[in-house]
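Engineer: Spelled out, the chains give:
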Amino acid sequence: MMAVLRGAGSGAWLVARAARGTWTRWNTGDALLAPALARDLARFLWTPVPTVVALSLLTGVIAGLSAARVLALYHAELLVLRALVDALLRQVLPLVVGIFAASGVAVAVANRLGAMSLQREIDALETMGHDPVPFALGTPVIAVAAAVPVHMVLASVAALLGAGLLLAAGANVPWRMIVGIATAQPAVAALATGMAKVALFSLLALMAGAATGARRVATPAELSAAGARAFTRGLLCVFGAAAMWTALA
Amino acid sequence: MSVLALEGVSSVAGGVRVLDRLDLAVAAAERVAIVAGSGEGKSLLSAIAIGLVPPLAGIARLFGTDLARADAAAVRRLRARCGVTVQGGSLLGEWSVEDNLRLGAGSAARVGRRIDRLMLDFAVERSGTAAVQSLSRGERRRVELVRAFARDPELVILDEPLDGAHAGRDALERAILRQIAPRGRALLLLTQDEAFAARACQRVLRLERGRLV
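Listed in order, the protein sequences are those of chains A and B.
In terms of our numbering, the first sequence has 169 at position 169, counting the first letter as 1, and numbering is strictly consecutive.
In terms of our numbering, the second sequence has 109 at position 109, counting the first letter as 1, and numbering is strictly consecutive.
The shape of chain B in the complex, shown without the other chains (with noise of 0.2 Å):
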């Protein structure tokens, strides 16, 4: 069965068709790429498939529901089952880094020891009390890479995940890979970066026109 699905989405953004009768399948434990430009709809992708926008038209499926008949606590709750970064950052400005993991993963003390271990993988062991208004833009991608692997998801969407990243480029990818393939999670990656998408995915699709190809 495929963790997501999308049948036939089609849909609009500022006027302008962005998705294009598109067809998905992402199997457990498969990592797919979908590589596309700036504007192209990956973004958007993402929030169809996990229920943060309805498509104009088609079926979006996660965890083999289909999210429109869902109700909205139906929805939450398969969507806690997802490890999800988006572009541009989506950390609680007024928390400190501690606070917004434990708001990811919870407050039980075996995650607590799993959000310690994250931590150090992906170096952010030392901003823990920090406020998440003082850190960098790089530290902030981190952190929110932590939070997604918090939970311990069965699929994990990742939209542009080297953003901001440009000294430790390749840790922070090694690091990245290690919480995917050896544990088995699914994996939709979103990014412009051709050859980081081949070696993370052993599927690449490119969107193109609001089709995959």
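Bound-form chain A, shown alone (with noise of 0.2 Å):
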């Protein structure tokens, strides 16, 4: 328990203190910061885009025949819909992208900063009079939090089109129907929550990253193994929000 508090609060310094850092070096006007920003953006945003529009659409998939064949035996079109809409919005994507993150986001920071270690960037970065923590955390924070509605956004999209391409086929639910549902209040709601949990999620990933990856590594396979246990960790973060976050719902 010890362990995971410490690891959580050392997680959290981390970030908060990489993100005063940026801050820091944005109002100064440093001129390294956006194109170090351009690479976390391409790395952390674009990059993960075609996977995870891939997964959504196949969870969409899955979800889509699911309700098909619900609707195959009841025929109550309407109640299903907005059921599946604001479960796959509210509860399903976040923790598809969250999932998603936890993998994506957390290795990745906690490769970073070991490799960093381990090529002597940090102790450079230091013995230039630098803060190490916002050149090598700063960027990717940002990266992370502007991925966040861009991912959740295109997730979305993805998963009722694979849904509804299944239902109008398979069930023969009107596109109008679905693109009805899929635009109204509840929907829009459900996605602002899935959003607020894929930021909490991602957060967290990120967290766990810094976390694992500020430790010294001292070799290749040291760094490796920080980063499987970068996975594990930001993967126990996600689900253990996202029961939290039902629970207190």
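Watch out, some of these pointers could steer you wrong.
What the hints assert, rightly or not - Taking beta-carbon pairs under 8 Å as the criterion, some of the chain A residues facing chain B (in silico): (1) Leu37; (2) Gln119; (3) Glu121; (4) Ala124; (5) Gly129; (6) Pro132.
Keep in mind the hints are simulated off the structure, nothing from the lab.
All C-beta atoms, glycine included, are put in the ideal place defined by N, C-alpha and C.
Please dock the two separately framed chains into a single complex, following the hints provided.
Structural biologist: Set out below in structure tokens:
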């Protein structure tokens, strides 16, 4: 228990220090911030998009298939569709994107910190009188924060499209009804909740990666082990937070 | 006043006492070399001198400030007045050469001109936009030296600066020395090369069994 609290505290402290240091770099007009941010936006925002869309599309197909089977028995289109959209946007997609964040963000951050430590880049930054935390973690924090709404919106569109295709083809549900329910106020509220969950999951994954990667590594084997540890911790954080959110909601 | 002073510094590495009640003072504009074999504690001494590693016992003062009593931000400000190269290299691999140099010196126009001159002096002027990972070991070493001098440091700590330089070793040595003595910078040179130490420095000390003789 103490180890978990220590890890959470160290992760939160590192992320906060990175955010504060990056704000200072921004205010002082650090010319190196923009290229580093561009690299991390590509890594954390754009590169994962095809995988997020594919995973969400498949999730939508699975949900649509199940809903089409239910509709074949009960013919309660409105009720089933509303429940499906709500479950997808509020519960399932945040977990899918969250798991992806846990695997991608936590491992990438832990590996980056480990590699920087292994190649003495942390020492190099310290030697030049820089705080290494904003340089190592600052731009990933911004990139992950920017990725949350983009990934969640794209995941929602892909999942609803996948589910809609199955429902239209398998249960003869009209597209107008699917679009109407997917764009109604309850669906927007569910999407906002889902986005808040993904933001929390991504932050936790970032913290897990930072706390794991902050430990010095001396060999490439230790670096690879740190990546695996970061993935497991990130996943536990995401599922723990999801369970607590559901219990408290 | 000494720009660097180590008073009774002891330290251990891997369970072995590497530095044993070591005393050292480097005055402003003074050039001091420490000659020692591999694994004798040169790099550890360099890390202690700039506060990267705390000594087990004793006091390390940089520009008169006891590093153990100063907060992290103050220690970083003191380090920013030094130019340091470490053995084995320390360039940021994801960045270009120019970005590494601007990281060391800032991005003001005046600093940019100084970096251009240093790149010419150290024969890396063609590598500006190259990724660090594409450089040879010798080129990386020269870029590190440019970075160390780019900030116009008061104290320069060079750990095996000629490491990896085979062809053009003499030219590199001359380029280093041009940046030290005429500009009144203090130098702490850590090397295995006694001849280079004697040519570069006013005082040459030998690190033996953790003590300077």
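Engineer: Any hints this thing doesn't respect? Which numbers, in order?
Structural biologist: 1 and 6
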